[in-house]
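Given the sequences, and given the hints that come with them, work out the whole structure.
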Amino acid sequence: MLLSKIANILGAEFFGEDREILSLNALDLAKESELSFCESEKHTKRLQSTKAGALILDKNMLDLAPKDCVKIVSKTPYLSFAIISKYFAKPLISKEGKDPIIAENCQIMERAYIGKDTKIGKNSTIMSGVYIGDRVEIGEDCVIYPNTTIYNDCKIGNRCSLHAGAVIGGDGFGYAHDSSGRHYKIYHSGNVVIEDDVEIGANSTIDRALFASTIIKEGTKIDNLVMIAHNCEIGQNSILAAQVGLSGSTVVGRNVVFGGQAGSVGHIKIGDFATIAARGGVSKSISGGKVYAGFPLLEHREWLKMHSKIARLIKQKQKQEV
Amino acid sequence: MLLSKIANILGAEFFGEDREILSLNALDLAKESELSFCESEKHTKRLQSTKAGALILDKNMLDLAPKDCVKIVSKTPYLSFAIISKYFAKPLISKEGKDPIIAENCQIMERAYIGKDTKIGKNSTIMSGVYIGDRVEIGEDCVIYPNTTIYNDCKIGNRCSLHAGAVIGGDGFGYAHDSSGRHYKIYHSGNVVIEDDVEIGANSTIDRALFASTIIKEGTKIDNLVMIAHNCEIGQNSILAAQVGLSGSTVVGRNVVFGGQAGSVGHIKIGDFATIAARGGVSKSISGGKVYAGFPLLEHREWLKMHSKIARLIKQKQKQEV
Amino acid sequence: MLLSKIANILGAEFFGEDREILSLNALDLAKESELSFCESEKHTKRLQSTKAGALILDKNMLDLAPKDCVKIVSKTPYLSFAIISKYFAKPLISKEGKDPIIAENCQIMERAYIGKDTKIGKNSTIMSGVYIGDRVEIGEDCVIYPNTTIYNDCKIGNRCSLHAGAVIGGDGFGYAHDSSGRHYKIYHSGNVVIEDDVEIGANSTIDRALFASTIIKEGTKIDNLVMIAHNCEIGQNSILAAQVGLSGSTVVGRNVVFGGQAGSVGHIKIGDFATIAARGGVSKSISGGKVYAGFPLLEHREWLKMHSKIARLIKQKQKQEV
Chain H
3 MLLSKIANIL
13 GAEFFGEDRE
23 ILSLNALDLA
33 KESELSFCES
43 EKHTKRLQST
53 KAGALILDKN
63 MLDLAPKDCV
73 KIVSKTPYLS
83 FAIISKYFAK
93 PLISKEGKDP
103 IIAENCQIME
113 RAYIGKDTKI
123 GKNSTIMSGV
133 YIGDRVEIGE
143 DCVIYPNTTI
153 YNDCKIGNRC
163 SLHAGAVIGG
173 DGFGYAHDSS
183 GRHYKIYHSG
193 NVVIEDDVEI
203 GANSTIDRAL
213 FASTIIKEGT
223 KIDNLVMIAH
233 NCEIGQNSIL
243 AAQVGLSGST
253 VVGRNVVFGG
263 QAGSVGHIKI
273 GDFATIAARG
283 GVSKSISGGK
293 VYAGFPLLEH
303 REWLKMHSKI
313 ARLIKQKQKQ
323 EV
Chain Z
3 MLLSKIANIL
13 GAEFFGEDRE
23 ILSLNALDLA
33 KESELSFCES
43 EKHTKRLQST
53 KAGALILDKN
63 MLDLAPKDCV
73 KIVSKTPYLS
83 FAIISKYFAK
93 PLISKEGKDP
103 IIAENCQIME
113 RAYIGKDTKI
123 GKNSTIMSGV
133 YIGDRVEIGE
143 DCVIYPNTTI
153 YNDCKIGNRC
163 SLHAGAVIGG
173 DGFGYAHDSS
183 GRHYKIYHSG
193 NVVIEDDVEI
203 GANSTIDRAL
213 FASTIIKEGT
223 KIDNLVMIAH
233 NCEIGQNSIL
243 AAQVGLSGST
253 VVGRNVVFGG
263 QAGSVGHIKI
273 GDFATIAARG
283 GVSKSISGGK
293 VYAGFPLLEH
303 REWLKMHSKI
313 ARLIKQKQKQ
323 EV
Chain C
3 MLLSKIANIL
13 GAEFFGEDRE
23 ILSLNALDLA
33 KESELSFCES
43 EKHTKRLQST
53 KAGALILDKN
63 MLDLAPKDCV
73 KIVSKTPYLS
83 FAIISKYFAK
93 PLISKEGKDP
103 IIAENCQIME
113 RAYIGKDTKI
123 GKNSTIMSGV
133 YIGDRVEIGE
143 DCVIYPNTTI
153 YNDCKIGNRC
163 SLHAGAVIGG
173 DGFGYAHDSS
183 GRHYKIYHSG
193 NVVIEDDVEI
203 GANSTIDRAL
213 FASTIIKEGT
223 KIDNLVMIAH
233 NCEIGQNSIL
243 AAQVGLSGST
253 VVGRNVVFGG
263 QAGSVGHIKI
273 GDFATIAARG
283 GVSKSISGGK
293 VYAGFPLLEH
303 REWLKMHSKI
313 ARLIKQKQKQ
323 EV
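Chains H, Z and C, in that order, are what the protein sequence lines are. The letter at position 170 of the first sequence is residue 172 when you use my numbering, and the numbering goes up by one with no holes. The letter at position 120 of the second sequence is residue 122 when you use my numbering, and the numbering goes up by one with no holes. The letter at position 146 of the third sequence is residue 148 when you use my numbering, and the numbering goes up by one with no holes.
Heads up, some of the hints might be wrong.
Repeated chains share a single entry, so a pair holds when one copy, or any two copies, can fit it.
Quick list of in silico lysine-lysine cross-link-like pairs, DSSO-like style, CA-CA up to 27 Å [what the hints assert, rightly or not]:
#1 K292 <-> K317
#2 K97 <-> K121
#3 K88 <-> K124
#4 K97 <-> K124
#5 K88 <-> K157
#6 K286 <-> K317
#7 K92 <-> K7
Worth flagging that the hints you see were computed from the coordinates, not collected in a lab.
Here's what the structure looks like:
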């Protein structure tokens, strides 16, 4: 889409020469042919070094962006970006493209749907009711159980099991808001990458990244009804028990263990070999190799002490009152 | 069904003239042709003003009901009502009725099921494995992702997205109990109404109302694995992050935000523009425009203070003990 | 499989005569033709009385096992067992076996899959998109809603309802680990048994047992998005509200009530008629007939007292500081 058309849709001015924009991307990932945005001065550094061909940004920040970059001016760059993201969304169901390539010795049950330009590695089993979108890659020796859904562009490694009802690659839960409180969907153009030897439980959901990939590294095991939001990265050999929920852009190290119903806010890091006990709620980055519990989160032994002290304090209080 | 037959099924007496009952309803919604019930004296006011043609109620309450109303006497009106609700349940799969009406420019993939008397608005996409029951209405420009299920009689507005595996209109979780501890299903005859511009995440579930409708108002965005119970009403432009759970008959205002894994008991009101932080547990009605956290729920700043004070108290305690 | 071959796969020595092993089983369930394992001295008693034909165990424990039992020596018996469990997994999709037997008056919608040697009782309804594996038994008057998945070998009683998207019989979340932190799947050969008059909510998941059965007893009602892990046993007429999660081998009595988002660690017992309030987290066995709340769990009245005392303590503290 021509930049002039984008500016026109947004009713915005642009500074620089008109050019064709092929896709949208993050400040630090965008290329010559891509449009990005900068919402706040927090990102000044990333802005100064961006390779994006065009940017949406506030008037005040015009001078901070690279000179050869075309600028679209908006008081609400994130909202403008959300509005324009819709126009760059790929079609939901490709009408063109090649028939899927199914390697030898696969078992594809009736009533499985496999989209265009999709590849399935040898010895894999795709069961009834599975939906696999376009341009998906599934490795060798995988089992995709019934009624699982894999959205367009996702990649699954070798020897993976996706249990019934799992949903891989749904849109990230991201919206921009206008001053009236209305929400505008950010169309997520990234995908989900699941590496080798990963198992994902029944009815768990892993959302696609805004750009780039939500990543589940090799050997990680995920139980039922787990939610992994857009742009998370889970290190190798981690364990996520049932009903765990990770917010967007959580970066989890290797061999991390989450007990059942634990959770995490987004945009934080969890160190290698950390263990978060059942129900633990992580609200800031934590170092690895330790056991944590509670919400607010404490080291597990502190959490135990705290609860025994609360119990004692209350008993003493009771005596004093008697 | 004739009232005499209903009384017969229940082994109960009835006072008044026999008449045909067409459906069941709540005390304040019931009409001439409908049967309702009154379980407790808490509802005396609603009982006195009911327009129901017939009622199930305890002997003691006979005099409180309108005179022209036919009365079935039961020591356990709610249980009697549950037992009889089964007989008024509509068939699960209509054999009669018209073929669905699909407006122009829709994309209906193979292996989607669309029931009798169902209407789908123009430009909508229904993907593989979707089940849409009877008498459902879906608006224009909707996307119903793979393996989603929409039960009978539900209504979806324009420009809605229902992500893979979502279940709309499942039976509310309501039972009456007898003295032996056995549970009797209350058949839910209501539906779910989803207004325009609503997005619902993968594997989320929204249950149908007992009577009338569970309502999701326009512009509201719901993340993955969220549970909304029967008879809830969610105001416009609200945001429910992943794994939130709302109990039956929760009334949520407009632009309310629920963080991940938050929850609410039923039969309460949450004011406009309230924010409930992740994991917050709402156990009584709360006013709008504020930020809440914790369980028991506090205003967010109080919750933060409380936790810093607990930490300090415990440190002091430790010193005293040293 | 011959024991010599098993030892060969594991690169392990064995003591005793070679024999054919037909399946794997727990120490106390194993028969002459079965292989079991013993990981720790905690299980010495079960080891001494096992009827297993062969065992995987540590050198140190060789003398504790019955004499006529063939022994495979491993420093990591559980890991060895996990590795070998893969070889005993039944095929995912039977190619042999008889066509399913559907009793009179059933309604089987198009696009339902029903596996080999499966039986469905009279008057049952199987809706579109349902997947029913091999050797499954479903009773009379059941409704299996759309897009539900029932894995191989599970048994469902009479008058059960399984709402849309429910997953019955997925693999238990069990792995052995090696010293490098890699996880090895324990293939679960058990099943799920659901007795009469059970209702299971939309998108809930019930995992199969490692051996024997995960059991949901008669009359129990389970809401949406509930997780019941492998080898749990839920007593009759219990109630599990939405988003409850039970860890493996939890034994729940009769008429137990779990409020929404409550949970339990595994390998504990919950007494008859216990009530766990919403969000309650059970971390040890609890006696029946009481109401519990909180995490750590307390009796409900203690939990209420505790929170009112914490509130008071903090107010006093504030005064003292002023």
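Cross-check of the supplied hints:
no.: 1; hint: K292 <-> K317; result: between (31 Å within a copy, 22 Å between copies)
no.: 2; hint: K97 <-> K121; result: both (17 Å within a copy, 25 Å between copies)
no.: 3; hint: K88 <-> K124; result: between (36 Å within a copy, 19 Å between copies)
no.: 4; hint: K97 <-> K124; result: both (26 Å within a copy, 19 Å between copies)
no.: 5; hint: K88 <-> K157; result: both (23 Å within a copy, 25 Å between copies)
no.: 6; hint: K286 <-> K317; result: between (33 Å within a copy, 22 Å between copies)
no.: 7; hint: K92 <-> K7; result: within (18 Å within a copy, 52 Å between copies)
Checked against the numbered hints given earlier, this structure breaks none of them.
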